[in-house]
Structure formats: C-alpha cells, structure tokens
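A.B. asks: Sequence:
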Amino acid sequence: MEKHMLALQLSHILGEPYSREWVYEQLELPKKESFGDLAFPCFPLAKEFKKNPKLIADELAEKLKHPHITKAESAGGYVNVFLDQSFFTEETLKEVLANDRDYGSHNFGAEKTVVLDMSSPNIAKPFSMGHLRSTIIGNAISNLAEKCGFETVKVNYIGDYGTQFGKLVAAYHRWGDDDAIQADPLTELTRIYVKFHEEAKTDPTLIDEGRTCFKKLEDADPEVLELWRWFKDVSLQEFDRIYDLLGVTFDLTRGEAYYNDKMEGVIKRIAGAGLLEESDGAQVVRLDEQELPPCLIRKSNGTTTYATRDLAAAIDRYESFHFAESLYLVGHEQTLHFQQVKYVLDKMDLPWANDMHHVPFGMILKDGKKMSTRAGKTVLLEQVLQEAIDRARENIADKNPDLKNQEQVARQVGVGSVIFHDLKHDRTHDVEFSLDDMLSFEGNTGPYVQYTHVRTKSLLKKAGYEKEDAEVKLVDEKAWPLIKLVRAFPKVVKESYEQYDPSRIAKYLLDVSRSFNHYYAHNQILDSDQEAGRLTLIYSVNLILQNGLEILGIEAPDQM
RNA sequence: GUCCCAGUAGCUCAGCUGGAUAGAGCAACAGCCUUCUAAGCUGUGGGUCGGGAGUUCGAAUCUCUCCUGGGACGCCA
Numbered sequence: 001m002e003k004h005m006l007a008l009q010l011s012h013i014l015g016e017p018y019s020r021e022w023v024y025e026q027l028e029l030p031k032k033e034s035f036g037d038l039a040f041p042c043f044p045l046a047k048e049f050k051k052n053p054k055l056i057a058d059e060l061a062e063k064l065k066h067p068h069i070t071k072a073e074s075a076g077g078y079v080n081v082f083l084d085q086s087f088f089t090e091e092t093l094k095e096v097l098a099n100d101r102d103y104g105s106h107n108f109g110a111e112k113t114v115v116l117d118m119s120s121p122n123i124a125k126p127f128s129m130g131h132l133r134s135t136i137i138g139n140a141i142s143n144l145a146e147k148c149g150f151e152t153v154k155v156n157y158i159g160d161y162g163t164q165f166g167k168l169v170a171a172y173h174r175w176g177d178d179d180a181i182q183a184d185p186l187t188e189l190t191r192i193y194v195k196f197h198e199e200a201k202t203d204p205t206l207i208d209e210g211r212t213c214f215k216k217l218e219d220a221d222p223e224v225l226e227l228w229r230w231f232k233d234v235s236l237q238e239f240d241r242i243y244d245l246l247g248v249t250f251d252l253t254r255g256e257a258y259y260n261d262k263m264e265g266v267i268k269r270i271a272g273a274g275l276l277e278e279s280d281g282a283q284v285v286r287l288d289e290q291e292l293p294p295c296l297i298r299k300s301n302g303t304t305t306y307a308t309r310d311l312a313a314a315i316d317r318y319e320s321f322h323f324a325e326s327l328y329l330v331g332h333e334q335t336l337h338f339q340q341v342k343y344v345l346d347k348m349d350l351p352w353a354n355d356m357h358h359v360p361f362g363m364i365l366k367d368g369k370k371m372s373t374r375a376g377k378t379v380l381l382e383q384v385l386q387e388a389i390d391r392a393r394e395n396i397a398d399k400n401p402d403l404k405n406q407e408q409v410a411r412q413v414g415v416g417s418v419i420f421h422d423l424k425h426d427r428t429h430d431v432e433f434s435l436d437d438m439l440s441f442e443g444n445t446g447p448y449v450q451y452t453h454v455r456t457k458s459l460l461k462k463a464g465y466e467k468e469d470a471e472v473k474l475v476d477e478k479a480w481p482l483i484k485l486v487r488a489f490p491k492v493v494k495e496s497y498e499q500y501d502p503s504r505i506a507k508y509l510l511d512v513s514r515s516f517n518h519y520y521a522h523n524q525i526l527d528s529d530q531e532a533g534r535l536t537l538i539y540s541v542n543l544i545l546q547n548g549l550e551i552l553g554i555e556a557p558d559q560m
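In UniProt numbering, the protein residues as written are 1 to 560.
Warning: the hint list may mix true and false statements.
What the hints assert, rightly or not - Below, a list of computed lysine-lysine pairs in the DSSO-like style, where the Cα atoms sit at most 27 Å apart:
id, residue 1, residue 2
1, K32, K473
2, K31, K424
3, K484, K71
4, K473, K484
5, K478, K65
6, K31, K478
7, K473, K462
Claimed, not checked - The calculated label-pair distances, taken between Cβ atoms and stated as ranges, are:
id, residue 1, residue 2, range
8, K51, W22, 50 to 56 Å
9, P204, G272, 34 to 40 Å
10, A180, H357, 38 to 44 Å
11, H357, L55, 30 to 36 Å
Honestly, the hints are just simulated from the structure, not real lab data. Keep in mind that this is a model prediction, so the values were computed, not measured. Ideal placement from N, C-alpha and C gives every residue a C-beta, glycine not left out.
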C-alpha cells in the first residue's frame with residue numbers, strides 16, 4: 001500500500017503524462033537502509049526534461065509531502081523516501097493480529113482445483129535423491145496453492161509400467177532370488193536390474209527379451225502379472241516408510257498401469273481426430289508445425305509408450321477434477337515429452353491442455369554427472385535422512401541434553417535440514433550432491449530457521465504473552481527492518497505460488513531469521529520499556545516462521 | 001549435428017524481469033555466554049559477475065558471438 005501511496009503522490013506532482021501505474025513500475029526497494037524505504041529513480045525523466053537527474057530528484061524531494069512520509073531526500077539521482085515508521089508498524093501489527101494464522105493467505109484460488117503430479121517413484125527402484133525434489137517441491141507448491149485458496153489434489157503417479165519391468169522380469173528369470181528379495185526388496189531388485197544392463201552390453205538379445213516380457217505383461221500373462229504385483233507391493237511398502245519420515249501424504253496414489261485399459265480408447269480418439277500416422281511400423285502424432293519431433297503413441301511391436309499413458313492420465317484427471325491447473329513436478333530432462341503431450345491434447349481440441357504446466361527442476365548431480373539407477377550410481381534418500389537425524393540427535397545431546405522428546409526433535413531437525421536444503425535452491429538449477437552441505441545446521445539452513453522459531457517461542461512463553469492484550473503501538477527504529485519483512489509476507493506467498501517457486505519462501509524465512517536474530521542480539525525484549533509492543537512483533541515473527549516452515553513441509557519444534 | 005539450460009568470492013548459492021559502492025552462508029582469521037536457548041551475534045580478509053562485441057543515461061541482468069559444463073533429440077520412463 002505504501003508503494004501505491006507514493007506512486008500516486010509522485011504521479012500527481014509530475015502531472016498528466018506520468019501515470020500512477022508508470023511511477024509504480026519505476027519504484028524500487030533501496031539496497032541499503034540508509035537510502036530509506038522506497039526509491040524513485042529520476043534517470044528516465046532526465047532525457048525528457050533535458051535536465052540533470054539530480055536536479056529533478058531535488059525538486060521532487062522538495063515537493064513530496066505526505067502525512068505518512070517522514071522524509072524525502074535526493075541522492076545520486078534518486079528520490080529516497082522514508083516512511084512513517086510508527087504508523088506503518090502499527091498498521092502491520094494490526095494486520096497480523098486481525099488475520100492471525102491466516103496472515104499471508106489469499107483467496108484468488110477459491111473454488112478452483114490444482115492437481116499436482118509429484119514424487120512418482122518407479123517401483124523396484126530405490127527412492128533416490130531425485131525423487132526427493134519432486135516430492136518436496138510438489139508438497140510445498142501444494143501448500144502454497146492452499147494458502148492461496150485452491151483445493152489441491154496430490155497425485156503420486158507411480159512408475160509401475162513400461163519396458164523397464166519387462167527387463168526386470170527377464171532379469172528375475174535369470175538371477176532372481178526370492179529370499180533375498182523378501183529380505184531387502186529394493187536392493188535386490190536393483191541389483192539384478194543393474195546386472196541386466198551390464199550383461200546386455202555384451203549380449204544385446206537381452207534387450208529384446210525384456211521387451212518381450214513387457215509385451216507379456218501388457219497381454220496380462222498370469223506369471224508375469226504375478227511377479228509384477230509382487231514387485232509393486234514390496235516397493236510401495238518401502239516408499240511409505242519414506243513418506244512417513246518426510247511427512248508427505250497423497251490424495252491419490254495411482255500407477256501407470258491403472259490406465260492400461262484406457263489406452264485403446266485414447267488411441268482411437270487420437271485416430272478419430274485424424275492425428276495418427278504410421279511411421280517405421282510405429283504409430284505417431286506428427287508435431288511439425290510446433291517444430292517438435294513426433295510423439296510416439298504405439299511402438300512397432302504393438303505396445304504403448306509412456307506418452308500414451310500420460311495422455312490417458314491427463315484426460316482422466318481433467319474429467320475427474322476439472323482442474324484450473326494441472327502441474328507436473330518432473331525433472332528438466334522431460335521437458336520435450338511434456339511439450340509433446342500438451343500439443344497432442346491441444347490438437348485433439350481439448351482447451352484445458354493450456355492449463356497443464358510442466359514444473360521442471362534440475363537434477364542432483366554427483367561429481368557433475370547425472371546419477372542413474374542403471375549404472376548403480378544413486379544415493380539413497382533414506383540413508384541421507386537417517387544420517388541427518390543421527391547428527392541432529394548428537395547435536396541435542398551436546399547442546400540441550402535435558403530436552404524432552406529428543407527423538408522427535410531429532411527427526412524434525414534432521415528431516416527439516418534435508419528438506420530446506422533442497423527448497424532453498426532455485427528449482428530449475430542442478431545441484432551438486434553434498435552430504436556435508438545438506439546436513440549442516442548452521443547459517444542458511446532449515447535448523448537455523450527452526451532455531452529462530454524456538455527463540456521466539458521461548459520469549460513468548462517466558463512473558464506469558466496473550467494475544468488478547470497485545471499492544472500494536474511500537475516506536476522502535478531498530479525493529480523497522482524486521483517490521484518491513486513482516487509486512488512483505490503475504491506478497492511473498494503470492495509470488496512464490498505464481499512462480500511455482502518455494503525457494504522464495506525459503507530465502508524469505510532466512511531473511512526474517514537473520515533480521516530477528518540481529519534484533520534479538522542487540523535489544524532487550526523482556527523487561528524492556530516497550531515490552532508489550534516488542535512482544536507483539538515477536539509474536540508476528542513467530543507466526544510467520546511457523547507458517548513459512550509449514551508451507552515448506554518442515555516441522556517447527558517449540559524447543560530444540 | 002540440432003535444440004534447451006547453466007557459468008557470480010576458495011566452496012554452496014542470492015541478486016526482486018535494466019538502476020546507487022555486486023550480497024548471504026560455509027571455510028579461514030579475530031572477538032562475544034554471571035542477562036531473554038552460542039544451532040546465535042559482531043568484525044577482518046576474499047570478485048576482471050566465463051571471454052569478446054553490441055543495445056543505452058545506466059548491463060551480473062537484454063542481444064549476438066565464442067569457450068566450458070550439463071541435458072534432450074520415436075520404439076527407456
């Protein structure tokens with residue numbers, strides 16, 4: 001609101017050709033506290049006025065008068081504006097108290113549904129760090145969507161189909177060991193899957209054998225079907241353990257195989273729309289106008305592809321949920337695939353195809369290279385989580401040995417550090433895997449934010465703070481940077497959702513934490529002359545940290 | 001070969017869709033616990049924003065080009 005206010009004032013002074021909107025776009029947040037709270041650069045005006053920007057700034061600063069602006073000064077071609085701190089402090093604290101737990105929420109998503117395709121691990125393969133990104137980012141975006149008023153449907157689209165399972169079955173026929181699979185399913189299944197690919201290097205007939213086995217699966221051969229079910233069951237059990245640890249739930253867990261009997265119908269629809277063409281014995285949809293390679297619908301041996309299944313799934317999702325947005329939390333490397341799927345639906349005259357968005361993310365690299373199951377080069381998420389929890393436990397024993405619920409807090413902090421580490425990075429960038437980095441509890445980390453939350457909680461508890469007798473008046477120059485951050489929260493939530501970018505929340509929480517800790521270290525809060533007002537500020541910070549961590553899917557313990 | 005993405009401090013990353021002296025954290029070094037949890041705070045050192053050209057009042061940010069790394073490019077998903 002202060003930005004609109006200033007834009008209006010400046011536009012008024014400048015006159016007709018300079019609209020409020022234009023001025024609003026020009027306004028910036030100064031980089032330094034000493035430059036005030038808002039700044040208007042005068043360089044664009046210099047040319048038109050044929051005047052030195054400094055002179056323009058001088059004049060504007062002189063003319064700018066408003067009850068809620070305490071000072072306007074000209075510096076380096078800018079008009080630096082200082083806001084009335086006590087007025088805006090009071091406004092901010094009132095706003096927080098009025099909304100309380102809903103502070104930062106919006107309702108522009110009301111009556112609309114967002115479907116998220118997330119996590120989507122492949123059965124018979126270990127849950128890797130790569131799946132973590134999809135799970136964690138998807139979960140956070142889902143939480144953001146709910147903050148904005150949307151209904152969400154989280155779908156775990158399990159990879160339980162395709163030639164890879166033919167290969168797995170073929171591998172099982174050769175080297176399968178039932179006892180070993182019972183004992184440690186994913187490890188054993190991965191072992192024979194890796195072995196299959198190694199052997200296939202010298203014996204290419206194995207690949208055909210795999211394809212044949214998949215064909216049998218698609219034709220519902222009882223023996224193959226039985227194996228497939230078994231692999232699937234044991235895998236899902238393993239995945240559930242991890243979802244429990246992460247605290248992530250789904251509204252729908254559905255495998256690709258679910259769409260098996262819907263394939264022919266979809267293919268008929270595509271053909272009916274006159275899109276299907278024969279090519280090298282396979283059936284494809286050409287996407288020449290989009291300058292994309294054709295989308296493969298049916299392979300030459302008659303089996304379907306994952307594109308076909310994604311098409312069937314997309315149609316099914318629309319018919320089930322009539323989504324406003326359908327998001328796919330899937331790695332960067334599948335960008336082309338989702339473009340193809342979208343265009344095929346578009347060509348089928350399904351207008352909602354435009355509401356589908358691939359939300360890509362970068363890969364987790366090991367020594368600068370992609371980690372691949374086939375090469376047996378993956379880092380297992382569960383081991384990482386356990387290691388994180390162990391380190392958190394050691395920390396507690398060292399720093400707060402009398403803490404109650406140590407095991408629970410160790411879990412919250414350990415898991416929180418892993419989740420936060422993932423979410424603080426720009427979604428689309430690749431990240432180099434580093435255990436030490438991920439399990440660090442100092443600096444820009446999840447535990448740092450959690451610890452800050454604990455501090456606010458502890459202050460409120462000690463003071464016996466009650467929201468009912470909150471004081472919204474606070475004159476405290478030192479608190480101003482923190483107040484400004486509190487003010488920004490709703491906007492950060494909105495932008496974070498619109499950009500599908502949880503890292504904005506993570507970075508914001510670090511800013512809030514840093515600002516709070518600085519304030520905390522330099523100002524007495526309890527038993528100070530403005531204790532009541534300061535506590536309301538602490539309450540606001542507490543609310544934001546708790547809310548923000550919740551959005552990221554991280555728990556906030558009261559003590560640690 | 002074609003297309004896409006990235007390159008910022010020793011390391012990991014920010015940099016708000018073109019603006020003021022490019023910022024955090026880690027690591028290193030030096031301080032701060034008889035006061036609200038030291039998982040914290042304060043300070044120091046550390047940069048040719050991959051190279052080059054262009055656009056303009058102004059470029060880490062936009063355009064072009066080159067270098068480097070990564071990814072994708074119908075019968076894997």
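A.B. asks: Indicate, hint by hint, whether the structure satisfies it.
C.D. replies: Going through the hints against the structure:
1. K32 x K473: Cα-Cα ~25 Å, so holds.
2. K31 x K424: Judged against 27 Å, a Cα distance of about 22 Å means the pair holds.
3. K484 x K71: holds (17 Å)
4. K473 x K484: Given that 27 Å is the threshold and the Cα spacing comes to 15 Å, the pair holds.
5. K478 x K65: holds (25 Å)
6. K31 x K478: holds (17 Å)
7. K473 x K462: Holds. K473 to K462 sits at ~21 Å (cutoff 27 Å).
8. K51 x W22: 50 to 56 Å: At 18 Å between Cβs, range violated.
9. P204 x G272: 34 to 40 Å: holds (38 Å)
10. A180 x H357: 38 to 44 Å: holds (42 Å)
11. H357 x L55: 30 to 36 Å: violated (48 Å)
Violation of the numbered hints given earlier is confined to hints 8, 11; the remaining hints are satisfied by the structure.
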